[in-house]
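Residue-level listing of the chains:
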Amino acid sequence: MNASPTFMDRAGALFHRYANPGRFLKLGAALQPWLTWPAIVLTLCGLGWGLFFSPADWQQGDSVRIMYVHVPCAWLASSGYAALAVCAVLSLVWRHPLADLAAVEIGPVGACVTATCLATGSLWGKPMWGTWWVWDARLTSVLVLFFLYLGHIALIRAFDDPQRGYRAAAILALAGAVDLPIIKFSVQWWNTLHQPDSITLTGAPTMSHAMLWPLLVSTLGFTLGFAAIVVARLRAGVMEHRIRSLLTSPRRGTSVNATLAESGAQELAV
Amino acid sequence: MTHLPYILAAYGLAGALALYLSIGAALRLRRDRARLATLEAARGRQPVDGQTETGRAGVSA
Amino acid sequence: MKRKTRRLWLVIACVAGLGAAAGLTLSAFSSNIVFFMTPSQVAAKVPPADRTIRLGGMVVAGSVHRERHGETPVNSFEVTDGQAAVTVQFEGILPDLFREGQSVVAVGSMTPGGGFAASEVLAKHDETYMPKEVAEELQKSGKWDPKFGPPPNAASWNAMTAKDAKTSSRGS
Numbered sequence: 001m002n003a004s005p006t007f008m009d010r011a012g013a014l015f016h017r018y019a020n021p022g023r024f025l026k027l028g029a030a031l032q033p034w035l036t037w038p039a040i041v042l043t044l045c046g047l048g049w050g051l052f053f054s055p056a057d058w059q060q061g062d063s064v065r066i067m068y069v070h071v072p073c074a075w076l077a078s079s080g081y082a083a084l085a086v087c088a089v090l091s092l093v094w095r096h097p098l099a100d101l102a103a104v105e106i107g108p109v110g111a112c113v114t115a116t117c118l119a120t121g122s123l124w125g126k127p128m129w130g131t132w133w134v135w136d137a138r139l140t141s142v143l144v145l146f147f148l149y150l151g152h153i154a155l156i157r158a159f160d161d162p163q164r165g166y167r168a169a170a171i172l173a174l175a176g177a178v179d180l181p182i183i184k185f186s187v188q189w190w191n192t193l194h195q196p197d198s199i200t201l202t203g204a205p206t207m208s209h210a211m212l213w214p215l216l217v218s219t220l221g222f223t224l225g226f227a228a229i230v231v232a233r234l235r236a237g238v239m240e241h242r243i244r245s246l247l248t249s250p251r252r253g254t255s256v257n258a259t260l261a262e263s264g265a266q267e268l269a270v
Numbered sequence: 001m002t003h004l005p006y007i008l009a010a011y012g013l014a015g016a017l018a019l020y021l022s023i024g025a026a027l028r029l030r031r032d033r034a035r036l037a038t039l040e041a042a043r044g045r046q047p048v049d050g051q052t053e054t055g056r057a058g059v060s061a
Numbered sequence: 001m002k003r004k005t006r007r008l009w010l011v012i013a014c015v016a017g018l019g020a021a022a023g024l025t026l027s028a029f030s031s032n033i034v035f036f037m038t039p040s041q042v043a044a045k046v047p048p049a050d051r052t053i054r055l056g057g058m059v060v061a062g063s064v065h066r067e068r069h070g071e072t073p074v075n076s077f078e079v080t081d082g083q084a085a086v087t088v089q090f091e092g093i094l095p096d097l098f099r100e101g102q103s104v105v106a107v108g109s110m111t112p113g114g115g116f117a118a119s120e121v122l123a124k125h126d127e128t129y130m131p132k133e134v135a136e137e138l139q140k141s142g143k144w145d146p147k148f149g150p151p152p153n154a155a156s157w158n159a160m161t162a163k164d165a166k167t168s169s170r171g172s
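Residue numbers (the UniProt record's numbering), protein chains in the order written: chain A, 1 to 270; chain B, 1 to 61; chain C, 1 to 172.
Check before you lean on any hint, since a few could be wrong.
Derived coverage of chain B by chain A (criterion: at least 3 residues anywhere in the stretch with Cβ under 8 Å from a Cβ of chain A; other residues may be distant) [to be verified]: (1) 7 to 16; (2) 21 to 30; (3) 33 to 41.
Hints listed in this document are in silico derivations from the structure and should not be mistaken for laboratory results.
Virtual Cβ for every residue (Gly too), placed ideally from N, Cα, C.
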């Protein structure tokens, strides 16, 4: 256990150096345009390419174009939850305040993306498979992921003491991360109606390059868009945190109490 | 195009979601920035627990 | 050990334990998680006629018979996994993707004669995506017949564009 504490110290110092909430406001403001504009451009290019210029599939015809929105959403649904799990570790081990605020903001965005993944998958399944929904391992495990997101959103806001909510939600996020490999490998471990992955790390993609490129562009665009929205929400979240602490801090002597602070908040909110 | 309604519904859904999330985030950011600026101005720009510097960075962004 | 280190190990231990538990549960219930049975599984242990099962496999080339009894189309086709084949009867409209050589999942139950009466047929498309022109070119050059199985190795065609396919078909 000689090496561990120094690693822990260094890792902790690194997080606090580069990711404390105050520093994050500066970093986030600088980063925002570099996320937002490429996200808009790449998403529009990818979707336009997919919708109008990429070829139709030999057996699915034009329905294959749903892939260009469905696959990026599916990728982000899993990645968003992985990000929640990373925040959970940072929160549980290092008690990092920014990780808690990030978890609050990632949850709803991830849930929206997962819902879109399920809905677009349904819209794809009806004309191709002949059904809106089946209870196969892939579809069911993604539905479970959606409920995990909903549970996380509810749990992190459920307590009067936010710290308790952060702790409980972090535990849920870590436990739920077990679902991620299940989603990934469900199409290999069990026979499912959902087809296996076309793009793998080990083999050539079983997809024409004329479809692969627009898919990669729109996936990159969606990913940057997800990051841009999360960064914007997190900046707002940090500011709200600061506003709350300014309003409740008894700086002007002990006479300033919570009621005064609250009336101030109402004035500002109007 | 075959199955055009399904394709349009999928793209429409994704577009609506993207607009909803991004406009929501932008409005929230603008509102919070204004609130924080008002609040810090009301405090007479006194250093608040050493946080004023970062607070201003957020405001000016 | 410092508190943070202890917390890190605690988190790692909990996640590992939970992962192991989930893995064991899933492998124990593995046979219940599969979405469909294959024809050879059905042949090895014929399920009772009153049980609804899902049968999945490839439609055998040349086995599809489509008839019409008044308004309702009546279809019969064989489904195989390469080792065994089961004849499926289905009254209703088949999905657009249904064809010989396509993977399908039929929902229904076994009939006393060893056949399968389907109440629903779902088409299962594979993970291969290729433009129509490329597929036609592969078929024309004799590299692939969709009736008899999955397309050839993707590396041989996935850089092929619609334009390449056209020029090579003109040249051949």
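So, going through the hints one by one against the coordinates:
1. 7 to 16: holds (count 6)
2. 21 to 30: holds (count 6)
3. 33 to 41: The restraint on the stretch 33 to 41 of chain B holds, since 6 of its residues have a Cβ under 8 Å from chain A and three suffice.
Checked against the numbered hints given earlier, the structure satisfies every one of them.
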